[in-house]
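Put the two chains together into one complex; each comes in its own frame, and the hints tell you how they fit.
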Amino acid sequence: AQSVTQLDSQVPVFEEAPVELRCNYSSSVSVYLFWYVQYPNQGLQLLLKYLSGSTLVKGINGFEAEFNKSQTSFHLRKPSVHISDTAEYFCAVRDGGSQGNLIFGKGTKLSVKP
Amino acid sequence: ETGVTQTPRHLVMGMTNKKSLKCEQHLGHNAMYWYKQSAKKPLELMFVYNFKEQTENNSVPSRFSPECPNSSHLFLHLHTLQPEDSALYLCASSQETGWPEAFFGQGTRLTVV
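Line by line, the protein sequences give chains A and B. Under the numbering used here, the first residue of the first sequence is numbered 1, with each subsequent residue one higher. Under the numbering used here, the first residue of the second sequence is numbered 1, with each subsequent residue one higher.
Extracted from the complex, chain B is given alone in its bound form (with noise of 0.2 Å):
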């Protein structure tokens, strides 16, 4: 248990439908990051929050929509997705952005149909 919750862990979504993932982190941390992980591919960085505000989105197509409403909750709303945006999608979270230390949950798997 690293502190950092996701929901759900598995996800099945067809390429009309809207969801959403939930990331909970029960740190006190202020930061926190939505990261795409594919296979053979790095992770990749997708969008970066500090106390509540966005400070980073890494050109992320604006069929992710992500949802801070404070410092614990993060959330990234899906729609009309394609199927090469099956991965699985970890959250992290850390002191506040810069900081050396990341924590992070155990992911979502995401499959689109």
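Chain A with its partners taken away, still in its complex shape (with noise of 0.2 Å):
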């Protein structure tokens, strides 16, 4: 079954400077990958998604992520980050081609300090 594995908890980070969030995910043949962001008191909204073709996937709010099948990561990355970008980051997985439900990370919690 799949899995989705998010390194870090939480990652805190001075307002403008560069971020990586890490996802790895268990091996498939192909796979679809998402990252949604959860702000406080809200639901999930999708951020990016992987389907297939170009293995660089940019989103919505300057955040892009890039696909490498060698190493079964998705990880997101934004080049200047703001205040507004606080909030819970989650990676997910679907089977390509299959029925199969989204997995779910447990999230990383992203503080973005003045």
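Because the hints were derived from the structure by calculation, they are not lab data. All C-beta atoms, glycine included, are put in the ideal place defined by N, C-alpha and C. Please note that a few of the clues may not be correct.
Away from chain A, derived, C-beta distances all over 10 Å, residues of chain B [claimed, not checked]:
| # | residue |
| --- | --- |
| 1 | V12 |
| 2 | P66 |
| 3 | S72 |
Partner residues aside, some chain B positions facing chain A, computed with beta carbon under 10 Å [as the list claims (entries may be wrong)]:
| # | residue |
| --- | --- |
| 4 | M13 |
| 5 | Y33 |
| 6 | P42 |
| 7 | F51 |
This is the structure:
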């Protein structure tokens, strides 16, 4: 069965600094990969997704992620964060071409400090 | 606004109460889901409905009872809950089960006292 590991439970960073949130998944022939963001007291909002094609995926709010099949990773990056990026970020995977459901990681809390 | 609306946003209930959570989606999707989000745990998939039929029940206790009267509405009926059931309950929808992308509601924060 698929699994997702988010290596950092919390990431503190100063405003305007770059950030990388790490995500690894268990291997599969093909996968769909997602990053969701959850602001306080809100539901999950899709940031970006990888379905196929280019391994560098750009999402909303200046975030991007790179699919690395050999390392089974899908790390999320932003070159310069803002206070408003403070939220919890969830990586999720679904087996491609199947009826499999989304499997989520435990989440990474990003805290952006002034 | 994601097109998935959950009510109420907050709910406090006693262990002997009966209450219901409601989810409505305006996206024309055919699959709907209930997830439970507890602190420090991954999101847990509870139930899946596809075209109004329940296709998955992930060993959820019978004190949680889902209902899907049509493809746009999903309910979660609650009775005799335990304090450990306190969590954020999230509803999601997708075009069909197996469709890559899912859209989430804002959740209902449930506290069982």
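To see whether the hints hold, each was checked on the structure:
1. V12: Since the minimum Cβ distance to chain A is about 15 Å, V12 of chain B lies beyond 10 Å and the statement holds.
2. P66: Answer for P66 of chain B: holds, closest chain A Cβ roughly 15 Å.
3. S72: Its Cβ never comes within 10 Å of chain A, the nearest being 17 Å, so this holds.
4. M13: violated, 19 Å
5. Y33: At 8 Å from the nearest chain A Cβ, Y33 of chain B passes the 10 Å test, so the hint holds.
6. P42: Hint on P42 of chain B: holds, closest Cβ of chain A at ~5 Å, below 10 Å.
7. F51: violated, 13 Å
Violated hints, in rising order: 4 and 7; the structure is consistent with all others.
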